Amino acid sequence: MKTNRIDGVIPILKPAGMTSHDVVAKLRRIIGTKRIGHTGTLDPEVTGVLPICIGKATRLSEYIMEQPKIYQGQLTLGKSTTTQDFTGQVIEEKKVKRITESDVQQVFQTFIGEIEQIPPMYSSVKIGGKKLYELARQGKEVDRKPRKVTIYELKIRQIDLSTEFPTIDFQVKCSKGTYVRTLCVDIGIKLGYPAHMSKLVREKSGSFTIEQSFTLEQVENYADLDQLDKIIVSMASSLPQYPSIILSENEIIHKVFNGQQIKVSSLIAYDGLVKVLNQKNDLVAIYQKKSQVLEAKPVKVFKEEEN
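Using the numbering used here, read the sequence shown as starting at 5 and increasing by one per residue.
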């Protein structure tokens with residue numbers, strides 16, 4: 005297997021039973037590079053799209069992580085667990101009675117928009133230098149401050165109220181930092197019952213969808229054939245949320261690579277980040293542009309000699 009240097013993103017279809025760190029470790033061996041990282045963890049038993057940044061693209065992970073995520077989940081009413089999902093031990097059980105589809109619909113609507121969540125104990129949030137899940141495994145529970153997150157969309161796909169422990173299948177589009185497990189628990193509380201998340205699949209992360217994702221086995225096959233270029237998404241294409249400008253080689257060498265400001269008069273009203281591309285549509289820098297200001301300032305520059 006050849007291991008030419010590559011810079012870009014591969015959307016991985018993460019299997020159940022692997023941590024995001026496990027996925028990165030395996031890809032490191034497959035691709036033969038140390039410079040690789042994921043764009044936000046998925047719990048071990050959760051499946052779905054996990055964008056993996058390679059080479060210079062590791063410096064783009066923060067921009068990909070900031071983008072909304074879409075999940076398909078399932079909430080089970082009547083049982084709560086230690087971890088808020090199906091992997092934990094049941095700590096409370098209550099048979100569900102007198103709940104209607106209308107009740108569920110009304111409660112779901114109240115969670116759309118900006119909400120507050122208290123991070124679960126079984127999470128990687130750090131308090132006092134220790135991850136919460138480490139404390140939880142020691143049987144400890146500490147106070148956690150609520151965090152604001154945004155639920156952009158929350159759609160019910162199917163409701164089964166025919167059993168003692170009803171299930172609600174749903175799709176949620178949410179901001180970075182949202183715990184879908186906690187969302188399920190909070191919905192249950194508002195309905196008057198314990199609850200937990202019984203299934204979860206991440207269908208979209210930023211612009212990357214589950215349909216365009218590859219299994220680890222597929223990536224290995226492409227690597228063996230020296231055809232990773234067929235599945236890697238370029239750095240420029242990985243950030244479709246930002247407008248782009250194309251500069252001449254002369255401007256890139258003398259201005260961009262020297263950290264100088266550049267004129268972006270075509271984006272006079274725009275306020276935000278701008279992708280700077282060369283004539284081959286390769287991403288060479290990310291600049292910050294303010295509305296009604298003609299010039300943009302460099303935020304990140306990607307030089308050719310970067311390893």
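Be aware that one or more of the hints could be misleading.
[What the hints assert, rightly or not] Here are the simulated BS3-like cross-link-like pairs (lysine-lysine), alpha carbons at most 27 Å apart as the crow flies:
hint, residue 1, residue 2
1, K159, K194
2, K177, K194
3, K307, K60
4, K208, K152
5, K284, K267
6, K99, K159
7, K208, K177
8, K152, K180
9, K194, K60
10, K307, K101
11, K203, K60
12, K180, K60
13, K294, K304
14, K180, K98
15, K60, K208
[To be verified] Okay, the calculated beta carbon distance ranges per label pair:
hint, residue 1, residue 2, range
16, S166, Y246, 24 to 34 Å
17, Q93, E299, 18 to 28 Å
18, P244, Q283, 12 to 22 Å
19, T45, R9, 23 to 33 Å
Since the hints were derived computationally from the structure, they do not count as laboratory data.
No experiment lies behind these values; they were computed from the predicted model shown.
All residues carry an ideal CB built from backbone N, CA and C; glycine is no exception.
When the structure is checked against the list of hints, which entries are broken? Sort them ascending.
9, 10, 11, 14, 16, 17
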